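All chains should be built: construct the whole structure from the sequences, respecting the hints.
Chain order of the listed sequences is B and Y. Everything in the first sequence is counted per the working numbering, starting at 1 for the first residue and increasing by one. Everything in the second sequence is counted per the working numbering, starting at 1 for the first residue and increasing by one.
Think of the hints as simulated: they come from the structure by calculation, not from any bench. Fair warning: there could be bad hints in the mix.
[As the list claims (entries may be wrong)] Listed below are several chain B residues computed to face chain Y (Cβ distance under 8 Å; list not exhaustive): (1) Ile-44; (2) Glu-48; (3) Tyr-68; (4) Thr-93; (5) Trp-112; (6) Arg-113.
None of the values given here were measured: they were computed from a predicted structure. Just so you know, even glycine gets a beta-carbon here, dropped at the ideal spot from N, CA and C.
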Amino acid sequence: MVDEAPAAADRLDPESAEWLGALAGQGPQREAALARLHEMLLRIAQRECRRRGPRLRVTGPELDDLAYQAAADALVAITRKLGQFRGESRFTTWAYKYVILEVSDKIGRHFWRHPAVPLDAEDWDRLPDRFGFEPAREAEWRDLLAALRRAVDTELSPRQRQVFVAIVVNAVPLDALVIELGSNRGAIYKTLFDARRKLRAALAANGYMGHDTARRS
Amino acid sequence: MNGYSELDRFLRTDPRDVGCTQAMEILHVYAELVAAGEPAEQRYPGIAAHLQACGPCGEDFDGLLDALRNEAD
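Here is the structure:
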């Protein structure tokens, strides 16, 4: 489904226009704008790394290095995509988006430096904990999870199964899986989306879950 | 939340979900609307559905919003 497309801006706000003018220009003015933009991107990258830090196995100089790499790569991406900025937001918001995306990419790459589990592992015993099923109440959920595992084996395509097992069973972050499979976030998400839909339908058909009544537009 | 409802929530898919590519395309527009207190979810229901379901895109959105709300720092 396609949401409302953002309207093209009639004109840029003065600050965004100034950024575009300086970055599209040449000479010292452009160099100064690039330096200022890099400083801004680095600040955002460092802040974002600190925000995500507690949930990552990255700390100290490694995390700082990651922020520097993200800011540098975002600056390259932004200058390359400058012609794509349509003024739907402030220029700086548009630029921040790229540095946040670079932070995600760098974190995804970093995962494989010290992976918690190999990609081909399948430790199904972890599954109850992933969803918060209590061991003391195993009698209540044992059949449900056995049915889920059967559905994973019988309903999913090999690719859907691979993605489901990596992300859900092995807890590999989606962005890290993207790197490992040489894919992109949208494709992996879509594969997992289709797998979720198939699994839920299978569980509903066998009486383990109610039928999906998600709102439709 | 018990395991059943968490599994149910994870497997449930929203047909309005626009996917990562479209969400990332206008994430900056969406984030500015949210930061300004505008009804972004109503204007872009497919983006809202996606950001709720997609961990990485939701994380990027949180980061962008955090950046906008703390620009002066």
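- Message: Of all the hints numbered above, which does this structure not satisfy? Sort the numbers upward.
- Response: 3, 5 and 6
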